[in-house]
Amino acid sequence: MNAETGFATAHDSPVLFDETHRMLRDQIRRFVAAEITPHGDAWEAAGAIPRDLIRKMGDLGFLGIRYPEAIGGSEMDERATVIWAEELGRSTYSGVAISALVHTDMASIHIFNAGTEAQKEKWLPKCVTGETLTAIAVSEPGAGSDVKGISTRARRDGDDWVLNGAKLYITNGVNADLYCVAAKTDPEARPSQSVTMFVVEKDTPGFTVSRALDKHGWRCSDTAELSFVDARVPAANMLGAQGRGFYEIMKNFQNERLVIGAMAMGESQAALELTVAYLKERKAFGAPLWEKQAIRQRLAMLAARVEACRQMIYSTAARAAGGEDVVREVSMIKALAGELVNEVMYDCVQFHGGMGFMRESTIERMSRDARVQSIGGGATEVMLEEVAKRM
Amino acid sequence: MKVLVPVKRVIDYNVKVRVKGDGSGVDLANVKMSMNPFDEIACEAAIRMKESGAVEEVIAVSIGVKQAQETLRTALAMGCDRAILIVATDDVHTDIEPLAVAKLLKAVVDAEEPGLVICGKQAIDNDMNATGQMLSALLGWSQATFASKIDIDGDHATVKREVDGGMQSIKVKMPAVISVDLRLNEPRYASLPNIMKAKKKPLDEKTPEDYGVDVSPRLEVVKTAEPPERDAGIIVKSVDELLDKLKNEAGVI
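The listed protein sequences correspond, in order, to chains A and B. What the first sequence shows, in my numbering, is residues 1 to 391, in sequence order. What the second sequence shows, in my numbering, is residues 1001 to 1253, in sequence order.
Warning: the hint list may mix true and false statements.
What the hints assert, rightly or not - Facing chain A, from chain B, some residues (calculated, C-beta under 7 Å):
#	residue
1	LYS1032
2	GLU1070
3	ARG1073
4	PRO1187
5	TYR1189
6	ALA1190
7	SER1191
8	LEU1192
9	ILE1195
10	LEU1243
Unchecked claim - The list that follows gives simulated cross-link-like pairs (lysine-lysine, BS3-like), each with its CA atoms no further than 27 Å apart:
#	chain 1	residue 1	chain 2	residue 2
11	B	LYS1223	B	LYS1002
12	B	LYS1032	B	LYS1223
13	B	LYS1066	B	LYS1237
14	B	LYS1020	A	LYS280
15	B	LYS1002	B	LYS1103
16	B	LYS1223	A	LYS283
17	B	LYS1050	B	LYS1160
18	B	LYS1016	B	LYS1002
19	A	LYS280	B	LYS1032
20	A	LYS148	A	LYS251
21	A	LYS280	B	LYS1050
22	B	LYS1197	A	LYS122
23	A	LYS122	A	LYS251
24	A	LYS215	A	LYS202
25	B	LYS1171	B	LYS1103
26	B	LYS1002	A	LYS126
27	A	LYS56	B	LYS1200
28	A	LYS292	B	LYS1020
29	B	LYS1032	B	LYS1200
30	B	LYS1173	B	LYS1050
31	A	LYS56	B	LYS1199
32	B	LYS1206	B	LYS1002
33	A	LYS56	B	LYS1201
34	B	LYS1002	B	LYS1066
35	B	LYS1032	B	LYS1237
36	B	LYS1050	B	LYS1197
37	B	LYS1206	B	LYS1066
38	A	LYS202	A	LYS251
39	B	LYS1002	B	LYS1197
40	B	LYS1197	A	LYS120
Calculated from the structure, these hints are not laboratory results. Glycine included, C-beta positions come from ideal geometry on N, C-alpha and C.
Same shape as in the complex, but just chain A (with noise of 0.2 Å):
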């Protein structure tokens, strides 16, 4: 782990975040560095992170910040969200990050806000624990962030419902044990109301996972295509009132691209923190390249833009935990810093010459990872969209 530089930052800033804030930062940070730093190469060749690491995670609490106390959870606000989505993305290892925040922002979280108290106690205390792991399946071969376009059918037959179709780019695909599987039940209703939402669990016959796919970064976290082929699913796991899919998938977008934004933030950060340590060491021409101003003044001016990203993340997340309306800022967030992390890993490779194109180094996989964020959970010109709507 960076010895930290010593100067004062936003996230211990009292005005930001409390006591307790600051105790779950550091929690996370030591989890970090002596659970997942000193073992993310193996999980990357290995192109999976192991359960026991999840189930650690949920002994410590941080799979149950947002959920009620009952059920095992610590009832915080968006704020402490952002502080785990943040702390991960810093790790470096980002497929851990992302298989964590899929579980506990984008896929258990469709249980809790649209279950029944019986489908909440039947499912969330062992996502709390880490027993289960969740993973949330929308996209498709023929629609991703037109959630309105899917063509996975489900339709009623007698006690159950039946799906049919298939899902791509699933997290956790491969090994979850509980997917919230968006399909349509209404498909001569408008586009909005004929999606609606099911739990369906993973020994259920004929659904199967059809393959793991090969990807670009994030190696370490399963990445899967999903196939319902006449997949029984009874009619308590349906997940809110029919035809309502679209709204829930839609209301939780919100937290979504504050986690993921949150969580590039803390890429972009971990990667600027590592190459100003590379530059201060590494000799060329007789003294360090940081004495460069050319080189140093860019990071600086990333680390300005960085910041700016990071004072917006926050303010939106206690924003958010007030219970304003923050859509635009949350769209803006994720176009953001979905754009800023490529940015600010294109100079680090930069600077770090030879060495960030090895396979190596932390910045090249880094580099490789930050790809995707301004993709999934929503892709930068999707993002853009909703922002000029609201302008």
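Mind docking chain B on chain A? Use the hints.
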């Protein structure tokens, strides 16, 4: 039996320390601060004693600035039962000296009557390694420093100590002050649910005046400076060359 665990708020071990421009000390303004790592080990030892049933209550105490209450909250989140904060200064750059700390701790011991004090062997800021020893002298209690294993058996404690030559086992009479070394245990994480619970645990705030102790400094810091920068090493070609350099250049053999 109650156990008292003193904990100190120090500059985080992960922060790159910067000396203030005027050489009067280390710059601590807005720098990340954490619990002294040896004190975390002391907390862990005390909490394990409670979990094993040998101890009824673990009390954490900190002396320093008001912000040290955050350090105490960490101790409470780890599993200490309650905390006492003695606000002895409002300036983060003022370090309360070991003798003053030991006197305050003695006053706390007199008031709380614990059967054991477990502390870190030293704080990583000034590395004084003095408070535990001074406290035991003021109390007239046994002392066992640099503990890497502690066994309490009735009115005695057997402590394995890390000393220069290796390990030393001593048996001390209780009550005692035990200072702990790095290898005694690995402190637990404060889980998020326990962090939330810690908010509800009692934390009393006191002042040195409450205990009638004068904390004004007796020592004067003349100058604080960065350690000299180390020159890069060289690679020698043979053992003979190494021996030659050790004899004739370094003058160490």
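Checklist line | Numbers of the earlier hints that this structure fails to satisfy, in rising order | finding: 4, 10, 11, 13, 16, 18, 21, 26, 35
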